[in-house]
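Dock chain F against chain P, hints included.
Each chain, written out:
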Amino acid sequence: MTKKQRKMLIRIIVCAVMLIALQFIPVAGIPELILYLAAYLIIGYDILKKAGKGILNKQVFDENFLMSIATVGAFVQAISTRSGDYVEGIAVMLFYQIGELFQSYAVGKSRANISALMDIRPDYANIEVNGKLEQVDPDEVSIGSIIIVQPGEKVPLDGIIIDGNSSLNTSALTGESMPRDVKEGDEIISGCINMTGVLKIQTTKEFGESTVSKILDLVENASSRKSKSEDFISRFAKIYTPAVCYSALALAVLPPIIRMAFLGLPAQWGVWTYRALTFLVVSCPCALVISIPLSFFAGIGGASKEGVLVKGSNYLEALSQAKYVVFDKTGTLTQGVFEVTGVHHNSLKDSTLLEYAALAECASSHPISKSLQKAYGKEIDRSRVTNIEEISGHGIIAQVDGKSIAAGNSKLMKKLGIPYDDCHSVGTIIHMAIDHEYAGHIVISDVVKPHSKEAIAELKKAGVKKTIMLTGDADRVAKQVAADLGVDEVHSELLPSDKVSEVEKLLSMKSEKENLAFVGDGINDAPVLTRADIGIAMGAMGSDAAIEAADVVLMDDNPLQIAKAIKISRKCIRIVKQNIVLALIVKFACLALSAVGIANMWFAIFADVGVMIISVLNAIRALKVHKL
Amino acid sequence: MKKTYKIEVDCANCANLMEDAARKTEGVASATVNFMTQKMIVEFEDGKDSKDVMKNVLKACKKVEPDCEIEL
Numbered sequence: 002m003t004k005k006q007r008k009m010l011i012r013i014i015v016c017a018v019m020l021i022a023l024q025f026i027p028v029a030g031i032p033e034l035i036l037y038l039a040a041y042l043i044i045g046y047d048i049l050k051k052a053g054k055g056i057l058n059k060q061v062f063d064e065n066f067l068m069s070i071a072t073v074g075a076f077v078q079a080i081s082t083r084s085g086d087y088v089e090g091i092a093v094m095l096f097y098q099i100g101e102l103f104q105s106y107a108v109g110k111s112r113a114n115i116s117a118l119m120d121i122r123p124d125y126a127n128i129e130v131n132g133k134l135e136q137v138d139p140d141e142v143s144i145g146s147i148i149i150v151q152p153g154e155k156v157p158l159d160g161i162i163i164d165g166n167s168s169l170n171t172s173a174l175t176g177e178s179m180p181r182d183v184k185e186g187d188e189i190i191s192g193c194i195n196m197t198g199v200l201k202i203q204t205t206k207e208f209g210e211s212t213v214s215k216i217l218d219l220v221e222n223a224s225s226r227k228s229k230s231e232d233f234i235s236r237f238a239k240i241y242t243p244a245v246c247y248s249a250l251a252l253a254v255l256p257p258i259i260r261m262a263f264l265g266l267p268a269q270w271g272v273w274t275y276r277a278l279t280f281l282v283v284s285c286p287c288a289l290v291i292s293i294p295l296s297f298f299a300g301i302g303g304a305s306k307e308g309v310l311v312k313g314s315n316y317l318e319a320l321s322q323a324k325y326v327v328f329d330k331t332g333t334l335t336q337g338v339f340e341v342t343g344v345h346h347n348s349l350k351d352s353t354l355l356e357y358a359a360l361a362e363c364a365s366s367h368p369i370s371k372s373l374q375k376a377y378g379k380e381i382d383r384s385r386v387t388n389i390e391e392i393s394g395h396g397i398i399a400q401v402d403g404k405s406i407a408a409g410n411s412k413l414m415k416k417l418g419i420p421y422d423d424c425h426s427v428g429t430i431i432h433m434a435i436d437h438e439y440a441g442h443i444v445i446s447d448v449v450k451p452h453s454k455e456a457i458a459e460l461k462k463a464g465v466k467k468t469i470m471l472t473g474d475a476d477r478v479a480k481q482v483a484a485d486l487g488v489d490e491v492h493s494e495l496l497p498s499d500k501v502s503e504v505e506k507l508l509s510m511k512s513e514k515e516n517l518a519f520v521g522d523g524i525n526d527a528p529v530l531t532r533a534d535i536g537i538a539m540g541a542m543g544s545d546a547a548i549e550a551a552d553v554v555l556m557d558d559n560p561l562q563i564a565k566a567i568k569i570s571r572k573c574i575r576i577v578k579q580n581i582v583l584a585l586i587v588k589f590a591c592l593a594l595s596a597v598g599i600a601n602m603w604f605a606i607f608a609d610v611g612v613m614i615i616s617v618l619n620a621i622r623a624l625k626v627h628k629l
Numbered sequence: 002m003k004k005t006y007k008i009e010v011d012c013a014n015c016a017n018l019m020e021d022a023a024r025k026t027e028g029v030a031s032a033t034v035n036f037m038t039q040k041m042i043v044e045f046e047d048g049k050d051s052k053d054v055m056k057n058v059l060k061a062c063k064k065v066e067p068d069c070e071i072e073l
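First to last, the protein sequences are chains P and F. Numbering follows our numbering, in which position 366 of the first sequence is assigned residue number 367; successive positions increment by one, without gaps. Numbering follows our numbering, in which position 55 of the second sequence is assigned residue number 56; successive positions increment by one, without gaps.
Source of the hints: derived by calculation from the structure; they are not laboratory data. From a predicted model like this one, the values you see are computed outputs, not experimental measurements. Backbone N, C-alpha and C define an ideal beta-carbon position, used for all residues, glycine too. Among the clues, some could well be false.
A few chain F positions that, by computed beta-carbon distances, are all more than 10 Å from chain P [what the hints assert, rightly or not]:
{"no.": "1", "residue": "D11"}
{"no.": "2", "residue": "D53"}
{"no.": "3", "residue": "N57"}
{"no.": "4", "residue": "K64"}
{"no.": "5", "residue": "E72"}
In silico EDC-like links for lysine to aspartate or glutamate, alpha-carbon gap of 16 Å or less [claimed, not checked]:
{"no.": "6", "chain 1": "P", "residue 1": "K5", "chain 2": "F", "residue 2": "D11"}
{"no.": "7", "chain 1": "P", "residue 1": "K5", "chain 2": "F", "residue 2": "E70"}
{"no.": "8", "chain 1": "P", "residue 1": "K59", "chain 2": "F", "residue 2": "D11"}
{"no.": "9", "chain 1": "F", "residue 1": "K40", "chain 2": "P", "residue 2": "E221"}
{"no.": "10", "chain 1": "P", "residue 1": "K201", "chain 2": "P", "residue 2": "D187"}
{"no.": "11", "chain 1": "P", "residue 1": "K184", "chain 2": "P", "residue 2": "E210"}
{"no.": "12", "chain 1": "P", "residue 1": "K450", "chain 2": "P", "residue 2": "D351"}
{"no.": "13", "chain 1": "F", "residue 1": "K4", "chain 2": "P", "residue 2": "E221"}
{"no.": "14", "chain 1": "P", "residue 1": "K4", "chain 2": "F", "residue 2": "D68"}
{"no.": "15", "chain 1": "P", "residue 1": "K229", "chain 2": "P", "residue 2": "E513"}
{"no.": "16", "chain 1": "F", "residue 1": "K40", "chain 2": "P", "residue 2": "D218"}
{"no.": "17", "chain 1": "P", "residue 1": "K5", "chain 2": "F", "residue 2": "E9"}
{"no.": "18", "chain 1": "P", "residue 1": "K201", "chain 2": "P", "residue 2": "E135"}
{"no.": "19", "chain 1": "P", "residue 1": "K412", "chain 2": "P", "residue 2": "D423"}
{"no.": "20", "chain 1": "P", "residue 1": "K454", "chain 2": "P", "residue 2": "E490"}
{"no.": "21", "chain 1": "P", "residue 1": "K404", "chain 2": "P", "residue 2": "E438"}
{"no.": "22", "chain 1": "P", "residue 1": "K8", "chain 2": "F", "residue 2": "D11"}
{"no.": "23", "chain 1": "P", "residue 1": "K206", "chain 2": "P", "residue 2": "E135"}
{"no.": "24", "chain 1": "F", "residue 1": "K4", "chain 2": "P", "residue 2": "D218"}
{"no.": "25", "chain 1": "P", "residue 1": "K416", "chain 2": "P", "residue 2": "E380"}
{"no.": "26", "chain 1": "P", "residue 1": "K4", "chain 2": "F", "residue 2": "D11"}
{"no.": "27", "chain 1": "P", "residue 1": "K404", "chain 2": "P", "residue 2": "D436"}
{"no.": "28", "chain 1": "F", "residue 1": "K60", "chain 2": "F", "residue 2": "E72"}
{"no.": "29", "chain 1": "P", "residue 1": "K50", "chain 2": "F", "residue 2": "D68"}
{"no.": "30", "chain 1": "P", "residue 1": "K110", "chain 2": "F", "residue 2": "D11"}
{"no.": "31", "chain 1": "P", "residue 1": "K416", "chain 2": "P", "residue 2": "E438"}
{"no.": "32", "chain 1": "F", "residue 1": "K3", "chain 2": "P", "residue 2": "D218"}
{"no.": "33", "chain 1": "F", "residue 1": "K63", "chain 2": "F", "residue 2": "D11"}
Just chain P, same shape as in the assembly:
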């Protein structure tokens, strides 16, 4: 509790004790009034002061004004009717203050909770000075410095490991609990926790530019972008309070006049004034106004804990209405890394064929050559290779161990006049010929991520109508992948600019209320990310471009996270809607009840504080998203 809250608590206790004691102390008349008045001022002086200041500053209609009018009114009524029932006005103020205290405590608590969730800020960096470790502020470490990270410490800055190996806990960044193994030469990003070994890191970025700073900045500013629901509520509150005040005035004045003038009945001024005051107590808009930003804040906080960074409440809202999800195939559903997935029709052993292929391609840095070299897996002895001739668009011919090796596509085989077997597998096919004899082919393809299929199914379950895959790959490859994964629609052989126009076509086809999300790996797809209703960049650890362009950033490259992000957003929006509906129904029901005189002031204050407590507790639920 803060100092302010503690002071409030003391005031509440003192006032409550006084109220109870006054029930047993036999005082009457003026002394009684003075004692009750003292209790009232103890609990309500600040509200009265604020209401007074509001009037002076021409900001009349706020909740302080409502509460002051209602309680002072109740007091005046108790005096004028000589009923001696001063308790009501004081109790209303007391419960109002209890509600306010609870609200400020709950908000403060969840603010602290959420901030703790996002606490990935490193406190210091270790620098070696004359053989001793010294802790310095990460802000002061310049690019290219060597820092030491010991087991259990956070990596303070982005960099490259120059010595040591270890496992990293990236869960604070990605939500992924499996540790990641790193070794010398690997890039490392700030915010991870070093678990096992000592790492020596050469920094590549300043602290302000490091991943951890970027993420913190993003998350902290996220709730500043307001959602439509929040705009609705603040507009609503602006009209609502004055409207209620005038209605209350009308309720106090009109019925008695009508009764007197037209019906010939007694005016009953007291009854109608009381009803009007009750009306004012019910009308406080606090529950609505507090619970909505709190829900969004909790939702964004809970999501970032799971490695889903949402850049604003508005995006969280938009994401919840995502009905179309468009994928850029490479890097999202597939690894974006080419791998040898098969060796067919070969006369030699698989490994021998791969060895020849890798040796023949040893001079090339093409991704295909790289994947061949990787599949071969051993050190390449370049001295075995001579006369390398690269035929652009065809392949390579080279001498390996004195044999003539041709490795390339079907065009190369045709050119050399070697009969070859076509392949029915999907992917890039490398045909091999040794000494002008066909020796089989190697299939290289982009590997589908292990959770892609599951992810598509999860999206459907989360209420996504259609999944669409865009790719620059060959039609056959694309169709095969789409069929494997269960994607609804495929557009293949697209150039990067075609992707934008495809997305635009899809955007024009959908209805206004449905949103289209585009998922990319953040490489080369910034235009599409910005064009879609919601741009989702995945596997974004360390990629600045993606963090800039996207609205939602998935720290992990697991496609299951997309469905999770949508589910989190749905839950959060559901809570927001529940709160709006609950608060409005209870408010309007109580307003009606108090207008006809069924609800008294006690009822009104309990309804007001009760709704507020329920909606705050409900809002905090948005934080719990781990099991979605």
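This is chain F only, laid out in the frame that chain P set:
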């Protein structure tokens, strides 16, 4: 030019009022109040001194919510 200020405000509705007040202040191009993180992000019009403008913003905010505080 955009600057972020730490603020102190107790109720969400008052935060909205502060935002309104800040937006209407001369020299402010746009303003956002984030109740949950207790921050005010103010974008100033070109050529205005942020310190002078913020003094007026604080004055305007105090008018709508006497209890608020902006760390300048």
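### Task
For the pair we were handed, K110(P) and D11(F), check the Cα-Cα distance against 16 Å.
This hinted pair holds, its Cα atoms lying about 13 Å apart.
### Task
Sort out whether D11(F) lies within 16 Å of K8(P), counting only the CA atoms.
Distance ~14 Å between K8(P) and D11(F) Cα, so the pair holds.
### Query
Is K4(P) within 16 Å of D68(F), Cα to Cα?
holds, 14 Å
### Query
Given the hint that K5(P) pairs with E70(F), does the C-alpha gap stay at or below 16 Å?
holds, 14 Å
### K404(P) paired with D436(P) [C-alpha distance capped at 16 Å]
Holds. K404(P) to D436(P) sits at ~6 Å (cutoff 16 Å).
### Task
Starting from K416(P), check that the Cα of E380(P) is at most 16 Å away, please.
violated, 31 Å
### Query
If you draw a straight line from the CA of K404(P) to the CA of E438(P), is it 16 Å or shorter?
holds, 11 Å
### Task
Hey, is N57(F) genuinely clear of chain P, shortest beta carbon separation above 10 Å?
For N57(F), whose nearest Cβ neighbour in chain P is about 15 Å away, the distance exceeds 10 Å, so it holds.
### Task
Taking the shortest Cβ-to-Cβ distance between K64(F) and chain P, state whether it exceeds 10 Å.
About 4 Å separates K64(F) from the closest Cβ of chain P, which leaves it inside 10 Å; violated.
### Query
Hey, K5(P) versus D11(F), does the alpha-carbon distance stay inside 16 Å?
holds, 10 Å
#### Entry: 10 Å Cβ clearance of E72(F) from chain P
Consistent with the label, E72(F) stays out of reach of chain P, its closest Cβ about 16 Å off (over 10 Å).
### Message
Run the distance test for K63(F) versus D11(F): straight-line Cα separation, threshold 16 Å.
### Response
Holds - the C-alpha atoms of D11(F) and K63(F) are around 13 Å apart, at most 16 Å.
Consistency note: the structure conflicts with the earlier hints numbered 1, 4, 8, 11, 12, 23, 25.
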